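Undergrad: Protein chains in written order, with our numbering: chain U, 1 to 82; chain H, 1 to 334.
For the record, the hints were derived by calculation from the structure and aren't laboratory data.
A portion of the hints provided could be inaccurate.
Derived coverage of chain U by chain H (criterion: at least 3 residues anywhere in the stretch with Cβ under 8 angstroms from a Cβ of chain H; other residues may be distant) [unchecked claim]:
id	stretch
1	3 to 14
2	22 to 36
3	47 to 61
Chain U residues, not near chain H, derived (Cβ > 10 angstroms throughout) [stated by the list, open to error]:
id	residue
4	T19
5	V39
6	G40
Keep in mind it's a predicted model, so treat the numbers as computed, not measured.
The beta-carbon is built from N, C-alpha and C at its ideal position, and this holds for glycine as well.
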Amino acid sequence: MCLALPCRVVELLPGEQATVDVDGVGRRVSLALVDEVAVGDYVIVHVGYALTRLDADEALKTLALFAELGQAAAPEPPAWSA
Amino acid sequence: MHEGSLDLALTWDGKRIVAATVVSKRPQVASLLRGLPAAAVSDRVLQLFGICRQAQAAAAALCVRSARGERLAPGALDELALPVALETISEHLCHLLIAWPSLLADPSRPPRVADCGDWRRRLRAAADRRSAAAVAADLVGWLGEADLPSPGDESPHGAVAPLLPLLPAAEWACMELMEDFALRPNLAGEVAETGTLARQAGAAAITRLLAAGRRIEARLRARLLELHSLAAALADPPRLSALLDARPVRADVGLARVETARGTLLHRLDLAGDGVGHYLIVSPTEWNFHPQGPFVREIGGCPADSRRAARFAAERLALSLDPCVPFSCSFVDA
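Here chain U stands alone, though its shape is the one from the complex (with noise of 0.2 angstroms):
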């Protein structure tokens, strides 16, 4: 995603793989591009894999902020034709 919006580790999985919460649902990404990710931990994911760990008050800044502010920043998109 473009966005920093930071999802964290509830399982590590075998294979470099964990399974993340986005928004209370459970997906599986790789953490083959970061290092020493632990349960608890917060990721910043990219099309399956997580690109940066961030640490636990980083993250719950971040996602205050999301928070406080999504609606904002997430208006109903408009539909473009061809």
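Following the hints, complete the assembly by docking chain H onto the known chain U.
TA: What follows is chain H alone, placed relative to chain U:
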């Protein structure tokens, strides 16, 4: 808050894709910057963006300085450009080593996730320009021997969008960039393609591919060319400064341009006192997935004798245009 995505709806008549519709659900987060002290903008941008975040932060920093009318010290652009160049190299590697093999699903050429991870770690660990240049030189040598993906056969395509020229900030600063421009950017009314193809189209190898109608392969090869060029530029700092610049639009209004892995990124800031009165971010994805843009034009008329073939053609084209958010394809019967 959702992460953002592109929904690509394909109208397929059993023989070809006759039309396409793009619904962009990319959140427009520039509004989250309004009211902030100008000095806090760059850090907030780093906090908000997950990919191309160094490019976004550099654009924000330059934009604030140009709005304040500050002159950049000699070498300042080079310093801002270094993390942008390293980030772009990392993004290009992920695209070539992971994204393309994942789409092509050729068992003999699986995604090279471990290689990509190793190079990204080495680039991240490079403490200064000299060590970054050394890693990049190793990378160029490795790329020369690496078995990189080929996108496969391409059917003749119909209309294509023109390529966005590499314009300096001074030229963008002359244009009135309104709120709509961030959602539907155009150049003098013309929708254009931004990205590595636009930047590398003058190279002989790319010109030949374009003349042969191999536009998707041209995009892939342009990315590889740019990787080599960026790696070489790390050893020659003034070359990196072409990646970004800024220009005051008028008093208290600044504009910055940064060339990212996915294309031209523009930021424009209107100061209100020493805070953000208005902020505009024009991302490359909005050019390439514009409602009349490169994806929509190029996919129209694409031959496909099955839904599976139609889906593959659309996914391959979308990947070659490298959106910054995930995309999904759906079908509308003609």
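Undergrad: Within the assertion that chain H covers the stretch 3 to 14 of chain U, do at least three residues meet a Cβ-to-Cβ distance smaller than 8 angstroms?
TA: holds (count 3)
Undergrad: Taking the minimum C-beta separation from U/G40 to chain H, is that value above 10 angstroms?
TA: The claim stands: U/G40 keeps its Cβ more than 10 angstroms from every Cβ of chain H (closest is about 20 angstroms).
Undergrad: Beyond 10 angstroms from every Cβ of chain H: is that where the Cβ of U/V39 lies?
TA: At about 20 angstroms from chain H, U/V39 clears the 10 angstroms cut-off, so the statement holds.
Undergrad: Does the claim that U/T19 lies outside the interface with chain H hold up, using a Cβ gap greater than 10 angstroms?
TA: Fine: 16 angstroms to the nearest Cβ keeps U/T19 off the interface.
Undergrad: Three or more residues of the stretch 47 to 61 of chain U near chain H by CB distance under 8 angstroms?
TA: holds (count 6)
Undergrad: Tell me whether the statement that chain H covers the stretch 22 to 36 of chain U is true, taking a Cβ distance below 8 angstroms and needing three residues at minimum.
TA: holds (count 6)
When each numbered hint is compared with the structure, no violation occurs for any of them.
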